[in-house]
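Peer 1: Here the protein sequences line up with chains G, V and A, keeping their order.
Counting from 186, one number per residue, gives the positions in the first sequence under our numbering.
Counting from 689, one number per residue, gives the positions in the second sequence under our numbering.
Counting from 6, one number per residue, gives the positions in the third sequence under our numbering.
The reader is advised that the hints may include incorrect statements.
[What the hints assert, rightly or not] The calculated lysine-lysine pairs, modelled on BS3-like cross-linking and capped at a C-alpha distance of 30 Å, are: (1) K709(V) x K550(G); (2) K383(A) x K352(A); (3) K335(A) x K352(A); (4) K60(A) x K706(V); (5) K225(A) x K709(V); (6) K225(A) x K236(A).
No lab work stands behind these hints: they were computed from the structure.
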Amino acid sequence: MNLLTLTIKEARRALQSKEFSAVELVRAYIDRIQTHDSKLGAFLTVDESGALSQAKRADAQIAKGITKKLLGIPVACKDLYSTRAVRTTAGAKIIDTYKPPYNATVVDRYLEAGAILMGKTNEDAWGHGSSGENSDYFPTRNPYDTTHVPGGSSSGSAVAVAAGFSLVGTGTDTGSSIRLPASFCNIVGMKPTYGRVPRYGVISMASSFDTIGHMTRTVYDNALVYEVTAGADPRDATTPQVPVPMYTESLGKSLKGLRAGIPKEYFRSNGIDKGVREVTMTAIGKLESLGMRVEEISLPHTEYAMACYYVLVPSEISSNLSRYDGVRFGATRDTFGAEAKRRIMLGTHALSAGYYDAFYHKAAKVRTLIKQDFEKALEKVDVILAPVSPTPPFKLGEKVNDPLAMYLSDIFVCPVNIAGVPALSVPCGFAGILPIGLQIIGKQFGEQLLYQVASAYENETEWYKKPAIL
Amino acid sequence: MTVIMKAKKALTATDVRKIAKLANLVISDSEEKIFTPQLSATLDYVNQLEKADTEHVEATAHVTGLENVFREDVIEPTLSQSEALSNAPQTYNGYIVVKAIFEETE
Amino acid sequence: MTYEPVIGMEIHVELKTKSKMFCGCPAKHFAKEPNTQTCPVCLGLPGALPVPNKKSIEWTIKLGLALGCEIPLFSKFDRKNYFYPDLPKGYQISQYDQPFCVNGSLSGVRIRRVHLEEDTGKLQHTTLDGKRVTLVDFNRSGVPLVEIVTEPDIRSPEQAKEFLKKLYQIIRYLDISDADMEKGSMRLEPNISVRPTGTKALPNYKVEVKNINSFNFVKKAIEFEVDRHIKLLESGETPVQETRGWNEGKGVTVSQRRKEEADDYRYFPEPDIPPARWDSSQIIGIKLQIPELPDQKAARFKKEYQLNDYDTALLTDTKQLADYFEECVKINKIPAKKLVNWIINKKVDIDDVLPATLVKSIIAATAVVAIPDEDLEKTVQTVIAENPKAVEDYKKGKQQAMMFLFGAVLKQLKGAGDKNLIRELLEVKIKS
Chain G
186 MNLLTLTIKE ARRALQSKEF SAVELVRAYI DRIQTHDSKL GAFLTVDESG ALSQAKRADA
246 QIAKGITKKL LGIPVACKDL YSTRAVRTTA GAKIIDTYKP PYNATVVDRY LEAGAILMGK
306 TNEDAWGHGS SGENSDYFPT RNPYDTTHVP GGSSSGSAVA VAAGFSLVGT GTDTGSSIRL
366 PASFCNIVGM KPTYGRVPRY GVISMASSFD TIGHMTRTVY DNALVYEVTA GADPRDATTP
426 QVPVPMYTES LGKSLKGLRA GIPKEYFRSN GIDKGVREVT MTAIGKLESL GMRVEEISLP
486 HTEYAMACYY VLVPSEISSN LSRYDGVRFG ATRDTFGAEA KRRIMLGTHA LSAGYYDAFY
546 HKAAKVRTLI KQDFEKALEK VDVILAPVSP TPPFKLGEKV NDPLAMYLSD IFVCPVNIAG
606 VPALSVPCGF AGILPIGLQI IGKQFGEQLL YQVASAYENE TEWYKKPAIL
Chain V
689 MTVIMKAKKA LTATDVRKIA KLANLVISDS EEKIFTPQLS ATLDYVNQLE KADTEHVEAT
749 AHVTGLENVF REDVIEPTLS QSEALSNAPQ TYNGYIVVKA IFEETE
Chain A
6 MTYEPVIGME IHVELKTKSK MFCGCPAKHF AKEPNTQTCP VCLGLPGALP VPNKKSIEWT
66 IKLGLALGCE IPLFSKFDRK NYFYPDLPKG YQISQYDQPF CVNGSLSGVR IRRVHLEEDT
126 GKLQHTTLDG KRVTLVDFNR SGVPLVEIVT EPDIRSPEQA KEFLKKLYQI IRYLDISDAD
186 MEKGSMRLEP NISVRPTGTK ALPNYKVEVK NINSFNFVKK AIEFEVDRHI KLLESGETPV
246 QETRGWNEGK GVTVSQRRKE EADDYRYFPE PDIPPARWDS SQIIGIKLQI PELPDQKAAR
306 FKKEYQLNDY DTALLTDTKQ LADYFEECVK INKIPAKKLV NWIINKKVDI DDVLPATLVK
366 SIIAATAVVA IPDEDLEKTV QTVIAENPKA VEDYKKGKQQ AMMFLFGAVL KQLKGAGDKN
426 LIRELLEVKI KS
């Protein structure tokens, strides 16, 4: 087995036909993590014994002829996901030794589907970051070029998939945190519709923006995992009762007659790197050749999106991080890292007396306008196409001292979270050796269409077959 | 108007201290020196919201459109005392122990 | 110069739902082992999310309706942010600008709002290994808590007490809380100021008094504060705006903390809980669940059973007692007044004695116990034979002697027998 190119689809077939066992698969992954992860920093905790015992159970079930969607499939969990009795740090040292007494709903869904929890992955602490450098532990590095960032905040999970440490990397996306690392690491990342996957047990960053998604090597793998994770949860009041379709069934359908919109505000922005622009335009051309009708659309309030985001998100963060007081768990508040402190203070200020109207309340109104931009645009077109990042993966250290510049690199991704719509990042080429992703944005609960478009594109281009060489 | 004027003003080190206190954070002198210009720059950037025309626009707090999501009044299993206390830095006789909170009446 | 008190009330009431406000832990927390009724939600563990208890919202609206409030068709929860070790999330889920109930009134006092929030954990102060520490128990964390806020319409300590008693009675009638002040399930916080009689403007300060666990103490605390304020004002000072605590032992209020600056709770809409929107039929549905309230019931009792104010007030004090009375009435048409005398004067334990049992014993006790005529006659004969002196006295016209003989017969018969018949027989036998 070649773990660098293995997909869930292939692994399931091989496990069923006994080409290898789940225990062998897990052992191979653990070996590979032990050999290579010191260079990359993808994992904070590897649960070797837990993974092996789950693998044994999976093998027993396979032997009995039991089939489950993810039976024997290794999953690497972002460290924001609560895992019972397995250390969960959020990438933040303030809860360095915290072991939750419960599983997140989505963790239970993975386990019920037969998946094997390999361990917990590194991330920008609390999800605060776009590069992976804000981990309180160590930065994660891009397997395509270890001097570059892998994108964040779900940095460790993206690298785990790209570097062949796991078949699934779970993530959260509050502004960019799945799509950016997926695009920087040449894998497929799904940022779900807000509320599609339950947040219960996943450590909150900004509650009205957080979405619970995942990264895989291929579109098929991604759709299959989504069939497991999506669906309402009685423990999360923000999950609508919308039936979960069989996402894998939408794959392979023709794109003829589908309409795609290109937001003029995004492409007129001066900030887009030349290489990114070229690769993105080529990808759009490819989709046109597959039958899509591409037209220019407008998202007129784009200029306010980042300001809106950096008022509302820190406001919610400041409140969500108040529970870390060292009473029931964890250390005292002086243990927070610099970025957490910055965001807590920004949000505290935006909510405080005398500033609430000018900041929080004003931004909440602008949020309405941005949401309406997407709704209106998606009445005209089926999907919106855009780059994920205006630049290819940047160098470690390049932006760490300029938080505002780091924030603004998320200009094409954050608006999607403001609106609560789904978006998929799919590999669309390289700038030199550095991967670039294409973002496909859809209507609320319209993920099927995103998979359909991405899989048609992937079939033609197969960028995922260019793995990182370690 | 006065609110907007206030928001526009750059943050001072004193403001940063005050915000930190409200947020229950202790920041060092060196942090204060770094954070003051960084937070000022970000606030300066977000101030552009002022230009957006939001007359007759309702604020959005939720994007799902959901309303009236409730649970029935049913008892569910609790954590055991040892589970509840398992992560607490200090416990005593089933209680969590914290630094003395000043007893206000006498 | 004369002064008039200006008093508003804030009352917190724990609802007696089965489960907590936002999770399935038991809400009944009194005298339980510490930290045995918690879960990730009410412990504020990372990642846990609140889902509101439907019953607690219905009960809050029920209370609002009983207090004559308007029920806005749109409402929501907000986060109130502050730090304290008994507040696990660092914010309390409460309601800020759009509470469930607004603009009611009770006994002439306007009710500004009735809203729903979650209770905090409990703190205990002690010494461990020579160090002062605080112990925290989260069993109470997340118990549904209703807050009732009045306008500053109360003008005397007595009025405050009467208002609170009426509110307490209504809460008990609705059966939504034990409202047990000793156990802290009803907490009273008057805010007090005084102004020169005849002025209309609200004073520029107010003093909030906490930790009061009885209606009488509220009255006493207000009396104490009003005196204190008047003395300060007369010496040219303005009382400090602050929170004080009632010390029952010394009969004084004690300064707890001075608010250097206004609290800044940074309220914002709770992002984890979608808002509530009612249609009027839902509100009507809740209204229909409201039982007859004390004042209506009293009016009806007076009319229907011809009772005086005093008896009516006693009977309608609790819904249980009033219901008990009407149960008895239904069983047998005993005169209402007689029933009241039994229930109230003989202090019937209504939890112990079934209405049917009570009715039976009233009938038994007041009915004449029949004695065979010949037994009666025999006893009369015996008494006459045994008391020749009294018989002689009576014949001489001493009425007192008849009383004595009558008493002697009753004593032998142990109170049974028709009294008129006994008197008649005595007269006949003596004369014959």
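Peer 1: Can the restraint linking K60(A) and K706(V) be considered satisfied, given a maximum Cα separation of 30 Å?
Peer 2: 41 Å, violated
Peer 1: Is it true that the CA of K225(A) sits at most 30 Å from the CA of K236(A)?
Peer 2: 17 Å, holds
Peer 1: Please verify whether K335(A) and K352(A) have alpha carbons no more than 30 Å apart.
Peer 2: Given that 30 Å is the threshold and the Cα spacing comes to 20 Å, the pair holds.
Peer 1: Does K550(G) sit within 30 Å of K709(V), going by the straight-line distance between their CA atoms?
Peer 2: 28 Å, holds
Peer 1: K225(A) and K709(V): Cα distance at most 30 Å?
Peer 2: The given pair, whose Cα atoms are some 38 Å apart, is violated under the 30 Å limit.
Peer 1: Hint check: K383(A) vs K352(A), CA-CA at most 30 Å. Holds or violated?
Peer 2: The hint is violated at about 40 Å.
Violated hints, in rising order: 2, 4 and 5; the structure is consistent with all others.
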